[in-house]
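**Student:** The task is simple: from the sequences and hints, build the whole structure.
Position 65, counted from 1, in the first sequence is what our numbering calls 65; the numbers after and before it change by one each time, with no gaps.
No lab work stands behind these hints, which were simulated from the structure alone. Virtual Cβ for every residue (Gly too), placed ideally from N, Cα, C. You can trust all of the hints, since none of them are fake.
Simulated pairs of lysine-lysine, BS3-like, Cα-Cα distance not exceeding 30 Å: (1) Lys721 with Lys686; (2) Lys589 with Lys221; (3) Lys160 with Lys149; (4) Lys559 with Lys160; (5) Lys149 with Lys559; (6) Lys362 with Lys279; (7) Lys328 with Lys279.
If you anchor each label on the Cβ, the simulated ranges turn out as follows: (8) Val423 with Met225: 18 to 28 Å; (9) Arg253 with Glu380: 27 to 37 Å; (10) Gly565 with Asn491: 24 to 34 Å; (11) Pro456 with Asp288: 47 to 57 Å; (12) Met564 with Asn699: 53 to 63 Å; (13) Pro456 with Met564: 16 to 26 Å; (14) Trp644 with Gly605: 14 to 24 Å.
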Amino acid sequence: MTTAQRQVELRFDAVKIDRKWQERWERDGIYRVEDDDPRPKWFEMTMYPYPSGDLHIGHWYAMAPSDAHARFRRMQGYNVLHPIGFDAFGLPAENAAISRGIHPYEWTMANVDNMRRQLRSLGAVYDWDREVVCCLPEYYRWNQWFFIKLYEQGLAYRAKAPVVWCPSCQTVLANEQVLNGECERCETPITRRDFEQWFFRITDYADELLDFDTLEEWPEKILTMQRNWIGRSEGVDIGFDISDYNIEEREIRTFTTRIDTIFGVTFLVLAPEHPLVSKLTSENRRADVEAYVDQARAASEIDRLSAEREKTGVFIGAYARNRLNNEKVPIYVADYVLTTYGTGAVMGVPAHDHRDYDFARKYRLPIRTVIAPITWDGSELGEAFIGDGFMTNSGAYEGMTNEEGMEAIAKDVERRGWGHRAVTYRLRDWLISRQRYWGTPIPMVYCDECGVQPVPEADLPVLLPEDAEFRPTGESPLAINDTFVNTECPNCGGPGRRETDTMDTFMDSSWYMLRYCTPQYSGGPYEPSVTGDWMPVQQYTGGAEHAVMHLLYSRFFIKSLRDMGMLNIDEPFLRLFNQGVILGSDHEKMSKSRGNVVNPDDVVGQVGADAVRCFLMFIGPWDQGGPWSDEGINGVVRWLNRAWSLVEHDAAQLDDSPSEPTAVRDTQRVLHQTIRKCYEDLDRFKFNTTIAALMELVNHLSQAWNDQSVDSATWRDCIEKFLLMLAPIAPHVAEEWWERTGRGYSIHQQPFPTWDEELAAGGMITLVLQVNGRVRDRVVVASGVTEEDAKWYVDNSSRVQSHIDGKPVRNVVYVPDRLVNVVVG
RNA sequence: GCCGAAGUGGCGGAAUGGUAGACGCGCCGGUCUCAAAAACCGGUGGGAGAAUAUCCCGUGUCGGUUCGAGUCCGACCUUCGGCACCA
Numbered sequence: 001m002t003t004a005q006r007q008v009e010l011r012f013d014a015v016k017i018d019r020k021w022q023e024r025w026e027r028d029g030i031y032r033v034e035d036d037d038p039r040p041k042w043f044e045m046t047m048y049p050y051p052s053g054d055l056h057i058g059h060w061y062a063m064a065p066s067d068a069h070a071r072f073r074r075m076q077g078y079n080v081l082h083p084i085g086f087d088a089f090g091l092p093a094e095n096a097a098i099s100r101g102i103h104p105y106e107w108t109m110a111n112v113d114n115m116r117r118q119l120r121s122l123g124a125v126y127d128w129d130r131e132v133v134c135c136l137p138e139y140y141r142w143n144q145w146f147f148i149k150l151y152e153q154g155l156a157y158r159a160k161a162p163v164v165w166c167p168s169c170q171t172v173l174a175n176e177q178v179l180n181g182e183c184e185r186c187e188t189p190i191t192r193r194d195f196e197q198w199f200f201r202i203t204d205y206a207d208e209l210l211d212f213d214t215l216e217e218w219p220e221k222i223l224t225m226q227r228n229w230i231g232r233s234e235g236v237d238i239g240f241d242i243s244d245y246n247i248e249e250r251e252i253r254t255f256t257t258r259i260d261t262i263f264g265v266t267f268l269v270l271a272p273e274h275p276l277v278s279k280l281t282s283e284n285r286r287a288d289v290e291a292y293v294d295q296a297r298a299a300s301e302i303d304r305l306s307a308e309r310e311k312t313g314v315f316i317g318a319y320a321r322n323r324l325n326n327e328k329v330p331i332y333v334a335d336y337v338l339t340t341y342g343t344g345a346v347m348g349v350p351a352h353d354h355r356d357y358d359f360a361r362k363y364r365l366p367i368r369t370v371i372a373p374i375t376w377d378g379s380e381l382g383e384a385f386i387g388d389g390f391m392t393n394s395g396a397y398e399g400m401t402n403e404e405g406m407e408a409i410a411k412d413v414e415r416r417g418w419g420h421r422a423v424t425y426r427l428r429d430w431l432i433s434r435q436r437y438w439g440t441p442i443p444m445v446y447c448d449e450c451g452v453q454p455v456p457e458a459d460l461p462v463l464l465p466e467d468a469e470f471r472p473t474g475e476s477p478l479a480i481n482d483t484f485v486n487t488e489c490p491n492c493g494g495p496g497r498r499e500t501d502t503m504d505t506f507m508d509s510s511w512y513m514l515r516y517c518t519p520q521y522s523g524g525p526y527e528p529s530v531t532g533d534w535m536p537v538q539q540y541t542g543g544a545e546h547a548v549m550h551l552l553y554s555r556f557f558i559k560s561l562r563d564m565g566m567l568n569i570d571e572p573f574l575r576l577f578n579q580g581v582i583l584g585s586d587h588e589k590m591s592k593s594r595g596n597v598v599n600p601d602d603v604v605g606q607v608g609a610d611a612v613r614c615f616l617m618f619i620g621p622w623d624q625g626g627p628w629s630d631e632g633i634n635g636v637v638r639w640l641n642r643a644w645s646l647v648e649h650d651a652a653q654l655d656d657s658p659s660e661p662t663a664v665r666d667t668q669r670v671l672h673q674t675i676r677k678c679y680e681d682l683d684r685f686k687f688n689t690t691i692a693a694l695m696e697l698v699n700h701l702s703q704a705w706n707d708q709s710v711d712s713a714t715w716r717d718c719i720e721k722f723l724l725m726l727a728p729i730a731p732h733v734a735e736e737w738w739e740r741t742g743r744g745y746s747i748h749q750q751p752f753p754t755w756d757e758e759l760a761a762g763g764m765i766t767l768v769l770q771v772n773g774r775v776r777d778r779v780v781v782a783s784g785v786t787e788e789d790a791k792w793y794v795d796n797s798s799r800v801q802s803h804i805d806g807k808p809v810r811n812v813v814y815v816p817d818r819l820v821n822v823v824v825g
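**Tutor:** Now the structure itself:
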């Protein structure tokens, strides 16, 4: 038992206030969103949660500030759609089914129920009539509908792809289920197997996905990550001759961005999965090669690509001819080459590529410099030289700069038909097949006569069978369910077998924003005209962990719908903001094992929703995250207490006319500066400084009350505007205090206050007097001080003069209302 | 490893290239109280100094640009996020 936390008590019953207003708002439907409201539309979404069971403080950290921002937009006069839903398909439900014998549907929907209740305790503006739960047939039927549309467009196709395989469980594993290269269930070393699986052709959109021009405010880091993820490279696809071997293929195609180094090729490397490996391997090398390939298939891609790890590979006993210099070079298989990138084969140029250099050193392959550094003395280089230089040992291209060589060789290669300029992407097509139960069944049927057939639209949805069996080995419950598998071929009516794979859950999240617009529509995934009015999403918020996959998939999805004429927009999300991660009070990531998890229900039960909302926003910049603190929340509670006592004061006790005009003017200035600050900061998600400014206002008003230095009208004005600024961040107490001070229901239908620049201006400033950039004196003067007057202070400051010390003045820098800097010496 | 981000008091953090440390936590002192808590008032980066005089040092490290750098540039160190089947 730890020492009890000293808890500051609230002076009002926050829990009761929460309940009172949540019920009233619900009853009055003040957050119901109407499609035909005349105000301008503002669609602001936060990423929907996975229904893991309990609302974590991390969910509050994502939801509370985004709600405050959506509320701010409402107060600015927008018709705001700020919906919520549940990302309800996925692996954890299936794990629960296996370990606890509970059906994924039961488990998921019980979690959804609980999380709905917890989400309501936030006091957010969610319109619950628009909730989307994507594991329900009325949602996932449209996943199937979209799948068929994409299939008809040629954007969905089937191909072999490796899955992680547990040879003991005889089942496919998720990456998450692999611990140190072993199956988490039975600790058997994993391997990989090729399965026929479904893909979406996201690579068709690679170039368009690199165009971020229409995205208004996305964090630069997310764009950089997407750019790098797509990884566009321009180069040359060039063939190496293997016509000496008696096989169908006449050449090995490689992709290189450095065709200028082609005379430096001293070996070729094939990915272990490359189809030519088995065809070209000589009999005396076969055993070694096969052993190597098996071992490579167990390794993770991260390990394979690691530049730190020692390069490995084996010679396959075959050679290929470099057509540019007629040299025969040995062919290796090595796991640092991936079949998913380029052609799955690379030309080894050890002199000018780090990985090839390491590989050549290890296997004693020749290293031939063909790009000469400018200061090169001809000796062997100690490491790969990847910079620019002059072509050497390069036949007809000798002496060119390598840029010229690159151009000349590419041209010649194309002219001779040995290859062609090509663009390659690191981005791969989106593999959507999952060998699982708890996902959207892929609506395809296999018929021995007719091949692959889509399920007709009229037969959708293909429902998940309720009587599925969840075996601890993790076999796909759909594959072993005969009544699900056996069906009729939609084309010939003969016997057919259903596809038993389900879809990646990123399918659900690729278009859920469209469903929010018309969630009950049954004539299609969304009603086009209404959805067209709401889309694109004006503001999206969520964790940066979705920087590349979800956000890229969704962008692809919207573009493909546009190209099918289903939607007239290019991008789903116009603006994006990524919040950071909330940590435990020990500054570590929250986890049950660390025991640093904060349960929002407990805290909300003690101090109410508003104190929790405010504290989460006050911790620090929203995009940086930060640690929870049981002590820190006391500061927010004290502030709300002080605000409450201000609200309680009877303004009638103050004079009607200002006795101290200067003091009143100061209070007005503070008020209007606060409004300006809050308006600008809320606009840019700077909640921490919004709250700091409101705290300063409360501090000022407390002082003003103690001094009785304001008149009653100014006081009332300050309280009214303070409550309006409080409304988006602390909606319950703002409503309660609004009512208590005799103002009409509801504060949440009031506009955000505006400021008057003239009232915000003026006052005293501290003018800083510097000598050589160092502060030597300060004078308090009225703002708007002239340069001449400012310099007068310099001349008359004994501190400044003593530092000038008679030295010649070389320059005087004047920054209005800030400082004077005298440069001497 | 690759890609991305962040380093400021005892702690969370603030700071259009212009007073470093707003606001808050914690701590110290005071008021109130039999006492404590709460509340309220005051103080609180480090060093020298009797000092609320004055001076010096200080935003991860080293270097640069500038009249002036937490902020811009370069290199390095440390920590965190993502890496395609967790979502």
